[in-house]
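Participant: Using the sequences and the accompanying hints, generate a full structural model.
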Amino acid sequence: MKARVDPEVCISCGLCPDVCPEVFEMGDDDKARVKVDPVPPEAEATCREAADQCPSTAIQIEES
Amino acid sequence: MNRRAFLKTGAAAAALGTLTVARTAHAAGSDVLRIGLVGCGGRGSGAAANALDADPNSRLVAMADAFADRLQGSLASLKGRYGERAAVDPERCFTGFDAYQKLLASGVDVVILATTPHFRPIQLRACVEAGKHVFCEKPVAVDPPGVRSVLATCELAAKKNLNVVSGLCWRYDPGVRETIQRVLDGAIGDIVAIQETYNTGTVWHHGRKPEWTEMEYQMRNWYYFTWLSGDHNVEQHVHSLDKAAWAMRDEPPLRAWGLGGRQVRTEPKFGDIYDHHAVVYEYAGGARVYSYCRQMAGCSSDTSDVFLGTKGRADILNRRIDGPTPWRYAGPKPDMYHVEHQALFAAIRAGKAINNGLYMARSTMLAILGRMATYSGQTIAWQDALDSQRALAPDRYAMDGTPPTLPDGEGRYPVAMPGVGKVL
Numbered sequence: 001m002k003a004r005v006d007p008e009v010c011i012s013c014g015l016c017p018d019v020c021p022e023v024f025e026m027g028d029d030d031k032a033r034v035k036v037d038p039v040p041p042e043a044e045a046t047c048r049e050a051a052d053q054c055p056s057t058a059i060q061i062e063e064s
Numbered sequence: 001m002n003r004r005a006f007l008k009t010g011a012a013a014a015a016l017g018t019l020t021v022a023r024t025a026h027a028a029g030s031d032v033l034r035i036g037l038v039g040c041g042g043r044g045s046g047a048a049a050n051a052l053d054a055d056p057n058s059r060l061v062a063m064a065d066a067f068a069d070r071l072q073g074s075l076a077s078l079k080g081r082y083g084e085r086a087a088v089d090p091e092r093c094f095t096g097f098d099a100y101q102k103l104l105a106s107g108v109d110v111v112i113l114a115t116t117p118h119f120r121p122i123q124l125r126a127c128v129e130a131g132k133h134v135f136c137e138k139p140v141a142v143d144p145p146g147v148r149s150v151l152a153t154c155e156l157a158a159k160k161n162l163n164v165v166s167g168l169c170w171r172y173d174p175g176v177r178e179t180i181q182r183v184l185d186g187a188i189g190d191i192v193a194i195q196e197t198y199n200t201g202t203v204w205h206h207g208r209k210p211e212w213t214e215m216e217y218q219m220r221n222w223y224y225f226t227w228l229s230g231d232h233n234v235e236q237h238v239h240s241l242d243k244a245a246w247a248m249r250d251e252p253p254l255r256a257w258g259l260g261g262r263q264v265r266t267e268p269k270f271g272d273i274y275d276h277h278a279v280v281y282e283y284a285g286g287a288r289v290y291s292y293c294r295q296m297a298g299c300s301s302d303t304s305d306v307f308l309g310t311k312g313r314a315d316i317l318n319r320r321i322d323g324p325t326p327w328r329y330a331g332p333k334p335d336m337y338h339v340e341h342q343a344l345f346a347a348i349r350a351g352k353a354i355n356n357g358l359y360m361a362r363s364t365m366l367a368i369l370g371r372m373a374t375y376s377g378q379t380i381a382w383q384d385a386l387d388s389q390r391a392l393a394p395d396r397y398a399m400d401g402t403p404p405t406l407p408d409g410e411g412r413y414p415v416a417m418p419g420v421g422k423v424l
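Residue numbers (the working numbering), protein chains in the order written: chain A, 1 to 64; chain B, 1 to 424.
If you want the ones that stay clear, here's a sample from chain A, every Cβ over 10 Å from chain B, calculated: (1) 4; (2) 36; (3) 38; (4) 41.
Label pairs and their calculated CB-CB ranges: (5) A:7 <-> B:174: 13 to 23 Å; (6) B:315 <-> A:35: 26 to 36 Å; (7) B:267 <-> A:64: 19 to 29 Å; (8) B:190 <-> A:64: 49 to 59 Å; (9) B:330 <-> A:45: 30 to 40 Å.
These are calculated hints, taken from the structure and not from any lab test. For every residue, glycine included, the Cβ atom is placed at its ideal position computed from N, Cα and C.
Facilitator: Below you can see the structure in the form of structure tokens.
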């Protein structure tokens, strides 16, 4: 599984690192970013949860 | 169990709970604050994590959800992250529609309310009657009777010195707070217009299993049913409207009118909500809030708040003001989801009470008013909307109960038609 954050859509709310700190972090530009690729299998569920919860639908999941 | 009975039994269970609570005991800051989570979906689980992070001497001791699988998934995740601090005993894991009542009677001090929005007024009332501090996710209702209930409950919370902290999280973001405070202090002059935009892609759907009743199907796919979510302009766009309301000093508009419909998300599985709303809120003095929200794939996305004043403009999420005295926020940028819980627990420890009741109820009502305008095609006065007796509720709260909307022979749910349906 791969995750991607669209920085143009991200509203810097910080929710995705809260939900899935294994995959997401806030960058220096205050936008969320993916810090691990591919998503570790043990983090896939929370990564999907983060994508589901993203208030601006900025996270795309690509299932492998 | 009908809505009235639900409330009544909730109150009864809550009354028992008051006997177990001694709020002032927490002021010393040394004893454990026991957290109960009601609604174990993604946001609820996230809020529980925020709460555990906010106060090192807190523990998650009880969980409640309509569905056991949701609860167990949340519990496993939180235990994995917080170990013993989230090791909820099986006898304190409650499922079903009445799970929150059992949780309130299980010895919790603080309750996180994160179920689908429909249940918020009932559950908030039960929490406050039971003497619990509450973190209350947004929105706080789906209909005007629910909003009025929340307003009354929050008055009761104030009398009981209980905390009610809202999940309208931008109010706890330091940069947004400072930007809006500067607007309120006159940095852009008088507000002429506000543009609120919440245009995103599409959201989750959990499908349908043959063994599910219609009630279970709707509960599991609550986002797509107005009686459960309020529609997306209420469930999500309330964040935007809350910022506009904040800038308008939480005074309500005179009236609203709008356009909306289902243009792309038309399959039966998408229930009865719209996929776009555009609403104009008219305020005394002439200011207007132009509000747009859309959930469609493949379209441009934009989530922004632009305030236009007589002397300049403010871009809230970019925390900047342009005009005669340009300004950019350069302060700390903590996670607002943490900040709101830190505020809650600090208040409890200090024996103080935060009460976000008025704005969380009014901002929710602002969103409901917008939905009433788009669904009806009518111009609707704030007060008429707030006074409406029209409640969105099933015949009873049970998995074999009858939801307030049902599919036809082709699986299609009735959808509000502007110019035809009544909303008041």
